[in-house]
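*Asks:* In order, the protein sequences belong to chains A and B. With the working numbering, the residue at position 94 of the first sequence is 94, and numbering never jumps. With the working numbering, the residue at position 91 of the second sequence is 91, and numbering never jumps.
None of these hints come from the bench; they were simulated from the model. Mixed in with the good hints, there may be bad ones.
Straight-line C-alpha distance at most 30 angstroms; calculated DSS-like pairs for lysine-lysine [what the hints assert, rightly or not]: (1) B/17 <-> B/57; (2) A/69 <-> A/56; (3) A/59 <-> A/69; (4) B/57 <-> A/70; (5) A/110 <-> A/59; (6) B/71 <-> A/36; (7) A/70 <-> A/51; (8) B/18 <-> B/57; (9) A/56 <-> A/110; (10) A/56 <-> A/70; (11) B/57 <-> A/36; (12) B/57 <-> A/106; (13) A/57 <-> A/110; (14) A/51 <-> A/106; (15) A/106 <-> A/59; (16) B/65 <-> A/36; (17) B/57 <-> A/69; (18) A/110 <-> A/36.
Below are the chains, spelled out letter by letter.
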Amino acid sequence: GQQVMQIPQYQHVQEGEDFTTYCNSSTTLSNIQWYKQRPGGHPVFLIQLVKSGEVKKQKRLTFQFGEAKKNSSLHITATQTTDVGTYFCAIRGDSNYQLIWGAGTKLIIKP
Amino acid sequence: EAQVTQNPRYLITVTGKKLTVTCSQNMNHEYMSWYRQDPGLGLRQIYYSMNVEVTDKGDVPEGYKVSRKEKRNFPLILESPSPNQTSLYFCASSLSPGLGYEQYFGPGTRLTVT
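Build out the structure end to end from the sequences listed, making use of the hints.
*Replies:* Take a look at the structure:
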């Protein structure tokens, strides 16, 4: 069935450094969604990408969808303590009504 | 306020004792879903519902039941809980993920089965 691999599992950064997480699929995706989960919280929708090569920005966050629609990335510039949490990608499963999630990348700010 | 509510938020129970986790949304969403979240495994879909009386299995349905008798409610039932069902559970709703709509999540229910 449909799968998505998300790397890395963890990323430790100093405040002010950049952060990137990647999601990869072996099949062409119709779309991909990104969510953020703060520690102790629930996932919150960030964005959806649909078009090949699409790039969307939300302040310091940049989301990209690969040209072949098989991969996507989320890049945070100059991380802040408010960015701490786990970032997930989600794709449509074999059924239109299923969602398959990446394992998440946990952003940790070093003290 | 648009929201998804779950109850209880925390539950400790013993093996074999039937339990129900309730989920309700006030956004008139057609689609609702249950997930479990375990460390390193991300979110795994248990069951989902496309509308009233229409449900289907997700990736990890064994040991769980659901029902959708009303649009707003989507309870998760564990008929005979076992320790491997200890997890963090999230309910979510959306207009329809098939069309790429965002999902709104409840606050989560942390279940421990001893």
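*Asks:* Measure nothing beyond the straight line between the CA atoms of residue 57 of chain A and residue 110 of chain A; if it is 30 angstroms or shorter, mark the hint as holding.
*Replies:* holds, 25 angstroms
*Asks:* Just to be careful, I want the Cα atoms of residue 57 of chain B and residue 106 of chain A compared with a cutoff of 30 angstroms; is the pair within it?
*Replies:* holds, 28 angstroms
*Asks:* For the pair supplied as a hint, residue 71 of chain B and residue 36 of chain A, confirm whether the alpha-carbon distance does not exceed 30 angstroms.
*Replies:* This hinted pair holds, its Cα atoms lying about 27 angstroms apart.
*Asks:* Within a Cα-Cα threshold of 30 angstroms, do residue 106 of chain A and residue 59 of chain A meet the stated pairing?
*Replies:* This hinted pair holds, its Cα atoms lying about 20 angstroms apart.
*Asks:* Quickly compare the C-alpha distance for residue 17 of chain B and residue 57 of chain B to 30 angstroms and report which way the hint goes.
*Replies:* Answer holds: residue 17 of chain B to residue 57 of chain B is near 23 angstroms, not above 30 angstroms.
*Asks:* Given the hint that residue 110 of chain A pairs with residue 59 of chain A, test it: the Cα-Cα distance must not exceed 30 angstroms.
*Replies:* holds, 22 angstroms
*Asks:* Is residue 57 of chain B within 30 angstroms of residue 69 of chain A, Cα to Cα?
*Replies:* Roughly 27 angstroms separates the two Cα atoms, so the pair holds.
*Asks:* Sort out whether residue 70 of chain A lies within 30 angstroms of residue 57 of chain B, counting only the CA atoms.
*Replies:* holds, 26 angstroms
*Asks:* Are the Cα atoms of residue 51 of chain A and residue 106 of chain A separated by 30 angstroms or less?
*Replies:* The given pair, whose Cα atoms are some 26 angstroms apart, holds under the 30 angstroms limit.
*Asks:* Does the structure keep residue 57 of chain B and residue 36 of chain A at a Cα separation of 30 angstroms or less?
*Replies:* Satisfied, since the Cα-Cα distance of roughly 25 angstroms is no more than 30 angstroms.
*Asks:* Given the hinted pair residue 59 of chain A and residue 69 of chain A, is their alpha-carbon gap at most 30 angstroms?
*Replies:* holds, 24 angstroms
*Asks:* Taking only the CA atoms, is the gap from residue 70 of chain A to residue 51 of chain A under or equal to 30 angstroms?
*Replies:* Distance of about 11 angstroms is within 30 angstroms: holds.
Checked against the numbered hints above, the structure violates none of them.
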